[in-house]
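**Student:** One-letter residues, chain by chain:
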Amino acid sequence: MKRLFSSGFKYLVLAIALIFFVLPVVSALEFSLRKTGGHGHALTNYSWIFQQEDFSLNLMISLKLAALTAAITLLTVVPAVAYLHIEGQRYKRLFEFLAILPLVVPVVSLAIGAQKAMPEFIQNSQYELAFFYVVISIPYTFQSLNVGLSSIPLKTLVEASRSLGASFRKTITMVILPAIRSAVNAALFLAITLSFGEFTLTSLLHWETFPVWITRVSQGNILGSIALSMFSLIGAWLLLIIVQSAQTFKSRSKSQPKEAAV
Amino acid sequence: MITKTETAVSLSNIAKHYGSVAALHDFSLDIASGELVALLGPSGCGKTTVLRILGGLDLEHDGNIVVAGTDITGMPSDKRNMGMVFQAYSLFPNMTVEENVEYGLRVRKVSVAERRKRSAELLEMVHLGHRGKSLPHQLSGGQQQRVALARALAISPKVLLLDEPLSALDAQVRVQIREEIRRIQLETGTTTLFVTHDQEEAMAVADRVGVMNLGQLEQIDSPATLYNNPKSPFAASFVGITNKIPAEIVGSGKVKILNQVVSVSEYAGKMENGAKVVALVRPENFEMVSEDQSGSTTGRVVTKSFLGPMTKLGVELGIPSLVSVNLTSSDARKISIGDSLSLVVSSESVMVDRV
Chain A
1 MKRLFSSGFK YLVLAIALIF FVLPVVSALE FSLRKTGGHG HALTNYSWIF QQEDFSLNLM
61 ISLKLAALTA AITLLTVVPA VAYLHIEGQR YKRLFEFLAI LPLVVPVVSL AIGAQKAMPE
121 FIQNSQYELA FFYVVISIPY TFQSLNVGLS SIPLKTLVEA SRSLGASFRK TITMVILPAI
181 RSAVNAALFL AITLSFGEFT LTSLLHWETF PVWITRVSQG NILGSIALSM FSLIGAWLLL
241 IIVQSAQTFK SRSKSQPKEA AV
Chain B
1 MITKTETAVS LSNIAKHYGS VAALHDFSLD IASGELVALL GPSGCGKTTV LRILGGLDLE
61 HDGNIVVAGT DITGMPSDKR NMGMVFQAYS LFPNMTVEEN VEYGLRVRKV SVAERRKRSA
121 ELLEMVHLGH RGKSLPHQLS GGQQQRVALA RALAISPKVL LLDEPLSALD AQVRVQIREE
181 IRRIQLETGT TTLFVTHDQE EAMAVADRVG VMNLGQLEQI DSPATLYNNP KSPFAASFVG
241 ITNKIPAEIV GSGKVKILNQ VVSVSEYAGK MENGAKVVAL VRPENFEMVS EDQSGSTTGR
301 VVTKSFLGPM TKLGVELGIP SLVSVNLTSS DARKISIGDS LSLVVSSESV MVDRV
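As given, the protein sequences belong to chains A and B, one line each in that order. Start counting the first sequence at 1; every next residue gets the next number (the working numbering). Start counting the second sequence at 1; every next residue gets the next number (the working numbering).
Heads up, some of the hints might be wrong.
Stated by the list, open to error - Label-pair restraints from in silico Cβ distances:
no., chain 1, residue 1, chain 2, residue 2, range
1, A, Val13, B, Glu200, 52 to 60 Å
2, A, Thr76, B, Ala88, 26 to 34 Å
3, A, Phe9, B, Ser329, 55 to 63 Å
4, A, Val22, B, Ala88, 42 to 50 Å
5, A, Leu233, B, Lys117, 51 to 59 Å
Unchecked claim - Below, a list of computed lysine-lysine pairs in the DSSO-like style, where the Cα atoms sit at most 30 Å apart:
no., chain 1, residue 1, chain 2, residue 2
6, B, Lys244, B, Lys231
7, B, Lys254, A, Lys155
8, A, Lys170, B, Lys117
9, B, Lys109, A, Lys170
10, B, Lys79, A, Lys170
11, B, Lys133, A, Lys92
12, A, Lys155, B, Lys109
13, B, Lys117, B, Lys79
14, A, Lys155, B, Lys133
Derived by calculation from the structure, the hints in this document are not laboratory data. C-beta atoms are modelled at their ideal positions from N, C-alpha and C, and glycine is treated no differently.
Make the full structure from the sequences, and use the hints.
**Tutor:** Spelled out as structure tokens, the structure:
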């Protein structure tokens, strides 16, 4: 009886969660497919997106910024968090605290402060945004990497690799990163999606990216704006599915059937 | 056959402090080429610190390290060419068994063909030739440690460092793997430092066993010498002399234990008549005798544990702690818990310590 109740409760929670997450998406999808005037459904609003001037230009800018954000995260945040785990255990708490600061500092202060801190030649380039996106995604990327690195015997792996003649750089690239591949992928995915959808900071700094463009062009077409949002959401999901599939394929191609232990 | 003449490793006056705590002080050790030395001691005695210092994983220490005639003090671990097997499973989880073994050679930019050949040879040596394509999580603990051993040997290390490699394994596998470690070490002639807290393990595999206590080497000798002539009560307690029986000095070089007088083998104190001491007696150095034999002491059997060929008895002899007595299982067969038992110390001499 207790088991039945526990199982029923589990499905109830699952159903509520599904309604909570799926209902708004389904509603938005249905809304985005409505024809102007509310008579029937069609892909009119989606075709409207592609007819807009600067659609592909802004989409490409955002994709480039997302790629650059991922690259900076991979080259700076990942080794830094790994180094913190290996050599700076005593400072871990401090850095865990510092890593949540981008959530606490108002975006206006962050935007102005961060831009002032940038070298002048980057201040004049749209690509400065990638550095800011790295900063604002740190609360999430740091946690993801933190969990990944805590799940492996990092110190032993590093010492084993070093004793076999590998430098610190080789140890990170050949042993540690592949060992926490899923955590790195998750961190990169978070950085990409965050940068792809960031509006406030970009708008404050007067740059135009895909989300800023969406806001601008959708002011005159409410159904079109929902279609654009759905387009962004589906794009992000596709990206997640691609990353996950690539990872699953790679790990499957390596695994062998287990034989009896001796 | 490996000749163990020239010194392969020389650790001189090594000292290491963690804050105000001295982990090692004035530690010196020479290891001959091809020799297997085991460092034995309780947790916190500094044995792993010695191994880490030798392996270059801990560079902040005093003293000098010379390996094959070259001073390597301060040299980072990746330049020392020493293979290590760790207590925790340390195989790289993203690599297959074969790739793990090849790793050190890949780092050294050895050609793929040569790497494959070497890893195949080593995997055969540890009887895992058929598991080259497996991932570490598909292996048992014992198999993982054998792969770790093959990986450490792949780089033809100057010294092989084994940091309690068997402690995570179950008893049966431990014996099997330790025998393999010794066989492979003899086959390859690799100079080896083996750290363990298990006396039996150290005695079984090592040419010499060093007993460590509080950051110092108490004694280093061959297993037989260490077992038969421990130089300190601490070393004695670590090689199986577990009974500490209150006793009294009764003349020059003589001690009275229970109702019996025997010679003193080792005592650092003054041999004054009437001095109260503690006699250290091995469980197997008791003999069961008839109650009326002179010098015998009679007690009551409180515990009995069957250990295969031997049976361990816990006997109450009127002293604060139970006396541990090992008898052959055939002798002990008729004895039950609660029976009275008369015993004498069978050895001619015993070690005594201050109270």
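**Student:** Hinted pair, alpha-carbon criterion (30 Å max): Lys109/B, Lys170/A. Please report holds or violated.
**Tutor:** Status holds; Cα separation ~12 Å.
**Student:** For the pair supplied as a hint, Lys254/B and Lys155/A, is the alpha-carbon distance within the 30 Å limit?
**Tutor:** 54 Å, violated
**Student:** Is the hinted pair Lys117/B and Lys79/B satisfied, with a Cα-Cα distance of at most 30 Å?
**Tutor:** 24 Å, holds
**Student:** Is the Cα-Cα distance between Lys170/A and Lys117/B 30 Å or less?
**Tutor:** Distance ~23 Å between Lys170/A and Lys117/B Cα, so the pair holds.
**Student:** Would you mind confirming whether the straight-line C-alpha gap from Lys155/A to Lys133/B stays at or under 30 Å?
**Tutor:** Holds, at about 25 Å.
**Student:** Is 51 to 59 Å respected by the C-beta to C-beta distance linking Leu233/A and Lys117/B?
**Tutor:** 53 Å, holds
**Student:** For the pair Val13/A and Glu200/B, does the Cβ-Cβ distance stay inside 52 to 60 Å?
**Tutor:** This hint holds: roughly 54 Å between Cβ atoms.
**Student:** Next pair to validate is Lys79/B with Lys170/A; report whether the Cα-Cα distance is within 30 Å.
**Tutor:** Given that 30 Å is the threshold and the Cα spacing comes to 14 Å, the pair holds.
**Student:** Taking 30 Å as the top limit, are the C-alpha atoms of Lys133/B and Lys92/A close enough?
**Tutor:** 37 Å, violated
**Student:** With respect to the beta-carbon atoms only, verify the hint that Phe9/A and Ser329/B lie 55 to 63 Å apart.
**Tutor:** Hint holds: Cβ distance 58 Å, inside 55 to 63 Å.
**Student:** What's the verdict on Lys244/B and Lys231/B, does the C-alpha distance respect the 30 Å limit or exceed it?
**Tutor:** Between Lys244/B and Lys231/B the Cα gap is close to 16 Å, so the pair holds against 30 Å.
**Student:** Could you check the hint for me, namely that Val22/A and Ala88/B are 42 to 50 Å apart, CB to CB?
**Tutor:** 44 Å, holds
Hint violations for this structure: numbers 7 and 11, all remaining hints satisfied.
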